[in-house]
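There are 2 protein chains.
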Amino acid sequence: MTSKTNRQILLVEKPTGKLAPGNFKMSETSIPEPKAGEVLVRVRYISLDAANRAWMHGATYRSAVEANTVMAGGGIGEVIESKDPGFAPGDIVFGDTGWQDYAAVPARHLAKMPRIEPLTHLLSIYGIAGLTAYFGLLNIGRPKAGETVVVSAAAGSVGSIVGQIAKIKDCRVVGIAGGADKCNWLTSELGFDAAVDYKGGNVYKDLKAAAPKGIDVYFDNVGGDILEACLPQMNLYGRIACCGAISQYDGVPSETGPRGVPGLIVVKRLIMQGFIVMDYMEQRDQALSDLQSWVQSGRLKVLEDVIDGLEKTPQALIGLLAGENRGKRMIRL
Amino acid sequence: MTSKTNRQILLVEKPTGKLAPGNFKMSETSIPEPKAGEVLVRVRYISLDAANRAWMHGATYRSAVEANTVMAGGGIGEVIESKDPGFAPGDIVFGDTGWQDYAAVPARHLAKMPRIEPLTHLLSIYGIAGLTAYFGLLNIGRPKAGETVVVSAAAGSVGSIVGQIAKIKDCRVVGIAGGADKCNWLTSELGFDAAVDYKGGNVYKDLKAAAPKGIDVYFDNVGGDILEACLPQMNLYGRIACCGAISQYDGVPSETGPRGVPGLIVVKRLIMQGFIVMDYMEQRDQALSDLQSWVQSGRLKVLEDVIDGLEKTPQALIGLLAGENRGKRMIRL
Chain A
1 MTSKTNRQIL LVEKPTGKLA PGNFKMSETS IPEPKAGEVL VRVRYISLDA ANRAWMHGAT
61 YRSAVEANTV MAGGGIGEVI ESKDPGFAPG DIVFGDTGWQ DYAAVPARHL AKMPRIEPLT
121 HLLSIYGIAG LTAYFGLLNI GRPKAGETVV VSAAAGSVGS IVGQIAKIKD CRVVGIAGGA
181 DKCNWLTSEL GFDAAVDYKG GNVYKDLKAA APKGIDVYFD NVGGDILEAC LPQMNLYGRI
241 ACCGAISQYD GVPSETGPRG VPGLIVVKRL IMQGFIVMDY MEQRDQALSD LQSWVQSGRL
301 KVLEDVIDGL EKTPQALIGL LAGENRGKRM IRL
Chain B
1 MTSKTNRQIL LVEKPTGKLA PGNFKMSETS IPEPKAGEVL VRVRYISLDA ANRAWMHGAT
61 YRSAVEANTV MAGGGIGEVI ESKDPGFAPG DIVFGDTGWQ DYAAVPARHL AKMPRIEPLT
121 HLLSIYGIAG LTAYFGLLNI GRPKAGETVV VSAAAGSVGS IVGQIAKIKD CRVVGIAGGA
181 DKCNWLTSEL GFDAAVDYKG GNVYKDLKAA APKGIDVYFD NVGGDILEAC LPQMNLYGRI
241 ACCGAISQYD GVPSETGPRG VPGLIVVKRL IMQGFIVMDY MEQRDQALSD LQSWVQSGRL
301 KVLEDVIDGL EKTPQALIGL LAGENRGKRM IRL
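These protein sequences, in sequence, are chains A and B.
With the working numbering applied, the first sequence covers 1 to 333.
With the working numbering applied, the second sequence covers 1 to 333.
Please keep in mind that the hints were generated in silico from the structure rather than gathered at the bench.
Please note that the accuracy of each hint is not assured.
Intra- or inter-copy, both count: the list cannot distinguish identical chains.
[What the hints assert, rightly or not] In silico DSBU-like cross-links for lysine-lysine, where the CA-CA straight-line distance does not exceed 30 Å:
1) K167 <-> K18
2) K144 <-> K14
3) K14 <-> K208
4) K205 <-> K14
Could you build the full structure based on these sequences and the hints that come with them?
Here is the structure:
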């Protein structure tokens with residue numbers, strides 16, 4: 001194995017403002033030897049997620065990514081060599097492989113995955129994105145038929161699934177996304193009832209027109225001004241599923257929070273609840289079964305944005321933070 | 001009945017900044033004649049609540065109080081005359097009587113109360129204050145023995161009960177209040193484990209010292225900077241019961257919300273939930289039974305701040321908003 005090299009992308013310094021290509025560099029090293037209890041994985045696909053950027057700020061639900069280490073990131077890979085009885089060469093696994101060709105990962109940090117085709121679905125609809133959309137919408141948003149569901153970052157990996165599941169649950173669905181093209185795509189291709197272009201007008205007014213009966217469930221991927229625009233439009237007993245705060249990740253975090261907290265939460269008896277997909281893993285089988293049946297029946301479209309080449313990873317993340325992707329973005333190695 | 005007069009306090013203009021005595025004036029009129037379906041009530045005690053001030057801003061969970069009308073407010077009174085079969089002279093009732101000696105109130109807006117002594121308890125421990133503390137803490141905060149519960153406006157009508165119930169539930173209890181005297185009183189008289197003086201030091205640091213294991217339940221009466229100081233100290237899966245936002249009521253509402261929303265809500269998987277006591281009225285009998293048994297066994301002290309004279313009502317509310325009361329403030333007529 002050591003005749004080949006392992007390409008790695010390092011985070012050379014933590015960004016103080018917007019993330020830039022210069023924050024990363026490519027490096028080459030030898031392929032690692034797995035120690036006892038470790039598994040050597042050849043990475044096939046690297047997942048790109050807005051949360052990657054949040055990890056650079058400090059500890060979140062995981063420890064911070066430190067400068068001069070391999071950039072962290074989830075990946076799908078194939079087991080090459082195993083020093084753990086739970087894994088064997090050829091197994092397909094998911095774990096935090098990082099941005100590199102090969103990773104030696106402790107077996108307890110890996111999940112064995114089914115060898116389905118296309119493998120990309122393990123990072124999109126049957127991966128973190130699909131499960132996050134499923135659990136956040138159904139367990140926290142708890143939409144009832146006829147209710148209005150609003151989702152931000154609606155053209156992204158999670159948002160595009162949230163909106164489609166909400167349609168399956170017979171809700172009125174409004175997506176918030178950046179740009180007229182994305183908004184048209186949400187309504188014409190994904191079946192959203194309406195879309196609001198946050199770059200194009202007045203979000204508050206456009207949302208009021210798109211959700212004339214108010215908002216029962218807001219699936220929040222972005223925080224900031226868009227959360228502030230949704231709060232006064234929430235209906236009594238509305239639910240806000242707090243999935244992320246993309247608007248706050250890239251650059252200097254906002255000095256203020258949204259107005260209306262906690263006043264509107266009291267008056268409207270709202271629930272705002274944060275969640276992480278890992279909290280719901282004991283319900284994973286049911287979620288995957290539902291997602292598979294919706295995909296197979298054609299009710300749920302799988303949207304992937306696959307880019308070739310490890311060297312493209314930094315720019316792909318920068319572009320994702322700027323909102324250039326539709327659906328789940330990933331790198332193929 | 002018309003030989004006597006009815007003194008009323010009118011809100012003559014809505015305050016634009018801090019509430020002042022000049023926003024009110026005393027007026028005299030004849031005692032009203034109840035119409036069919038109405039009940040004539042002689043008001044005995046008027047409840048003073050921070051929410052009175054919020055009603056002047058606009059519609060909340062009730063319609064706004066308008067200028068040149070009798071100031072709204074809850075009261076306990078005795079039925080003088082009834083044009084509704086559900087009430088008879090001598091009945092003790094609770095309702096929005098407003099700030100006046102006599103009120104003709106639609107019967108459907110009145111609740112018949114037991115004739116207990118002292119009657120003041122119907123406005124404090126067995127009234128809105130006690131039930132708000134009970135339902136907010138137990139149904140939304142859901143404290144477990146050994147957890148840390150923090151409550152703001154801790155010397156107030158609701159906060160002082162929240163802290164005592166949390167002690168009954170075997171929690172570590174930290175109160176936030178204004179001034180060293182109040183803080184001493186919370187720990188020496190009410191059994192709080194610690195108190196933080198928000199006027200006296202650094203709330204964030206003092207809270208960290210008082211709640212070294214972090215906060216599991218925050219019962220928020222105030223919003224604003226104190227909510228912002230609590231958010232980063234919440235433990236994983238913590239619960240924030242949003243009861244009110246006193247810090248925002250008197251004056252111009254804040255231009256910003258608390259930092260950390262929604263970022264910390266996501267990372268820590270918090271629940272922030274607003275509530276209004278009326279939402280839980282079907283569980284009222286159980287609540288009253290618990291509260292009575294705690295009062296009778298001496299585990300729960302009833303704290304009342306009774307001021308004599310209708311003419312004192314404006315100043316009593318202004319003082320309450322400035323935090324001068326301990327326990328439940330009310331006016332005796």
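Outcome of the hint check:
Taking CA atoms no more than 30 Å apart as the test, K167 paired with K18 passes in neither setting, with 35 Å inside one copy and 48 Å between copies. In this assembly of identical chains, K144 and K14 lie within 30 Å of each other by CA distance neither inside one copy nor across copies; the values are 43 Å within and 40 Å between. With identical chains, the CA atoms of K14 and K208 are at most 30 Å apart between copies only, with a shortest distance of 29 Å across copies and 39 Å within one. When the C-alpha separation of K205 and K14 is checked against a cutoff of 30 Å, the pair qualifies only between copies, where the shortest distance is 28 Å, while the shortest distance within a copy is 38 Å.
Of the hints listed earlier, those the structure fails to meet are numbers 1, 2, in rising order.
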